[in-house]
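Novice: Residue strings, one per chain:
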Amino acid sequence: MDDRRTVPLMTGPGRTGAVRPDRPDRGTRIASLVGAARQGSEDALGQIVTELSPLLWQVARATGLSAGDAEDVLQTVWLRLVAHLDGIHDSAALTGWLVTTTRREAWRVRAAGRKQVPADHETLDELPAAGPGSEEQVIVDDERRMLWAAIGRLSARCQELLRIIAFAPRPDYTAVADALGMPVGSIGPTRGRCLAKLRALLADETGGAWRDAS
Amino acid sequence: MTLPDADLPSADEPLDDSDFGLLGEIRDMFAAADPMPAELPDRIRFLLAFRDLEIEVARLTAEPGELVAARGTEQSRTITFDSTTLTIMIRIDANKDGTVRVDGWLAPAQRREIEMKCAADPLSVTSDEQGRFAFPRVPRGTAQLVVRPAGPEETGRSVVTPALIF
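First to last, the sequence lines map onto chains V and Z. Here this note's numbering runs 496 ahead of the position in the first sequence, where the first position is 1. Here this note's numbering runs 8 ahead of the position in the second sequence, where the first position is 1.
Keep in mind the hints are simulated off the structure, nothing from the lab. Check the hints yourself; a few may be wrong.
Between beta-carbon pairs, the in silico distance windows are [to be verified]:
1. Z:Ala-127 x V:Ala-652: 38 to 44 Å
2. Z:Arg-109 x V:Gln-535: 36 to 42 Å
3. V:Glu-538 x Z:Asp-24: 39 to 45 Å
4. V:Ala-589 x Z:Thr-93: 31 to 37 Å
5. V:Ala-607 x Z:Asp-25: 39 to 45 Å
6. V:Arg-534 x Z:Arg-145: 36 to 42 Å
7. V:His-585 x Z:Asp-42: 29 to 35 Å
8. V:Thr-546 x Z:Pro-144: 32 to 38 Å
9. V:Arg-641 x Z:Asp-136: 54 to 60 Å
10. Z:Ala-57 x V:Arg-641: 38 to 44 Å
11. Z:Asp-111 x V:Arg-600: 36 to 42 Å
Covered by chain V, according to a simulated footprint, are these stretches of chain Z (three or more residues, beta-carbon under 8 Å) [to be verified]:
12. 30 to 37
13. 43 to 56
Yeah, the Cβ is synthetic: ideal placement off N, Cα and C, and Gly gets one too.
Extracted from the complex, chain Z is given alone in its bound form (with noise of 0.2 Å):
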């Protein structure tokens, strides 16, 4: 390498439309080698609409890449999530019609009101004494999770998933 000239651009003058121009090929290049999951926004839309409840994000424990390919795939596949006061597993199975089947486990063991955020009105359910659940069908697309106190005289926080594409 040789020593730059001495009528390189210098650090001390105004950005110019070279520099914006640069600027432009580096976004281009780290949208084509790292880019953001076009569906990333949507889901965050879907978790504000949450965002006036009194809420505990559960964290998914599973592998993350396997929450897109539960699309259009046939296996079942189980999906963990942890918040600091509750485990949920659930389990994705596909209808032959087109929809998935979700049974879940609640850990601690516990009655609780379960609703299932969709693309079409919301599920709801609730959990028996052991903690289990199922949406027998649930349409594809994202979906969210929402577990709340089983009712209103009940307490303790909702916790919510994060968004799942089934």
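Next comes chain V alone, as it looks inside the complex (with noise of 0.2 Å):
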């Protein structure tokens, strides 16, 4: 039984919607979506919006802003984005045009004093509660808490940027981090400080299990 606790984080069964390594064509593929989005075609724009919204809707949610209001701030860029399309030539300034413009847009809309929720997801009644399941997949919750708690004792800083990394192609990390605000090397190609204090955390909170399977 207790083996089961050093089950790594990363490799349990059941998994979706991990990280994988982006397919190298991937910045070909987004900057030939851009072109044909920027000759009018309706499929290659709706494209963009499929794959990107997800990481669009993190960056306003981070903000604070309710769901409502998240959804209209996505609505706005995205049609402002087709003003700009002009500008625009590859993946990383795609991106980092997109999260840019929504945070902007974001906090905007909360200044403008409309219907908030405060900006504390952060807590263990949010996750959703772990319902009749499997010894495994109990396991995958007891690391997702623990995770979850890890991560809630970063600063805002580093909460706001790895949540929003976690969701943004790979290759554009360092775009993503630059839109942010927040300084060169914070993460991509390196690591950074708010990735190494979380896995120092995770190391200590699980009296380096995390560490040894990794």
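Now that you have both chains on their own, put them together as the hints suggest.
Specialist: Structure, rendered in structure tokens:
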């Protein structure tokens, strides 16, 4: 039983959505989608929307906006992108522009005093309750709670950075960190202090088990 | 808490597989705790189809959550949208045949051409001098209102609502 506690965080069965190496042609694909969208292709623009909206959702919500306001912000940002496509030629520029504009618009809406929810997502309460599931599921939930708790001990800036970076395409990490106003080297190509701190906290909380498993 | 060991990962090292694994976990966690509404990208794609028009996007002033809840519920509900030039109020009632009836009012009252983009072919009506309009049967699904100038000789911007789900 005890060895179950040392199941590595990132290799549990049945994981979905884990970060995978981006296909090497992603940058090329995005650049050609942007080009096609500039020529008026609804489908190309739609593919970009589908691919990057989950990232922008986290950017908007991380500012503490309500879900309804976050939806409005995303709609505004995508409409605005259409007018700015001429100046955007690669994936990093696209991702950076979208993150910058979403964050700025989200803060503008917040400042306008619309109804909002406090930005205290970092509570265990908001994690979906562990339903009846397999023991493996329980272990996954335990690990997730541990990770959630560790993230909650990071600075607000690090929490925002990691939450958003986790949804970003890997080659665009630097562009995203830059769009968030984080210093050069905060993440990508180096680990940066936020991830280093998180790994130290996890290693500490698991008595080294997490580090050993990795 | 003890101090981190000397051999703990340093901030200056390149990202490794453990970092990517950890970011994948963080992504899964937030995707579960605060998921983007699954239909949002489709609604945005829908909205972008209007991008060549000179438009104002009206803002929802009712509870956003009620829009989604409107699906499958029987009671009528009223939703208000505001833009800088126009207020659009609509009441949605369920028809027995599974469609919905949409009654609307424009303020200030005026004649405008009103189009309902929906799952089927777009529906089009004209508001009366009191700003009233009605779509007796609208299929359930994603829909969006576009309020245009009443005729080619009329001026004024078109106003589009965010996408609705009936």
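Novice: Against each hint, give a clear statement of whether it holds in the structure.
Specialist: Quick rundown of the hints versus the structure:
1. Evaluation of the 38 to 44 Å hint for Z:Ala-127 and V:Ala-652 yields a pass: the beta carbon distance comes to about 42 Å.
2. Roughly 41 Å separates the CB atoms of Z:Arg-109 and V:Gln-535, a value that falls within the hinted 36 to 42 Å.
3. Range check, V:Glu-538 to Z:Asp-24: about 40 Å between beta-carbon atoms, so the 39 to 45 Å window is met.
4. Between V:Ala-589 and Z:Thr-93 the beta carbons are some 35 Å apart, a value that agrees with the proposed interval 31 to 37 Å.
5. Taking 39 to 45 Å as the suggested C-beta distance range, the pair V:Ala-607 and Z:Asp-25 conforms, at roughly 41 Å.
6. Taking 36 to 42 Å as the suggested C-beta distance range, the pair V:Arg-534 and Z:Arg-145 conforms, at roughly 39 Å.
7. Hint check: V:His-585 to Z:Asp-42, Cβ distance near 32 Å, so the stated range 29 to 35 Å holds.
8. Checked against the given bound of 32 to 38 Å, the beta carbons of V:Thr-546 and Z:Pro-144, roughly 34 Å apart, stay inside it.
9. At roughly 59 Å, the beta carbons of V:Arg-641 and Z:Asp-136 sit within the given window of 54 to 60 Å.
10. Checked against the given bound of 38 to 44 Å, the beta carbons of Z:Ala-57 and V:Arg-641, roughly 43 Å apart, stay inside it.
11. In this structure, Z:Asp-111 and V:Arg-600 meet the distance hint of 36 to 42 Å, their C-beta atoms being roughly 38 Å apart.
12. Interface restraint, the segment 30 to 37 of chain Z with chain V: holds (8 residues with C-beta to C-beta distance below 8 Å; minimum three).
13. Note: the segment 43 to 56 of chain Z has 9 residues with beta-carbon separation from chain V under 8 Å; the three-residue rule is met and the coverage holds.
Hint violations for this structure: none, all hints satisfied.
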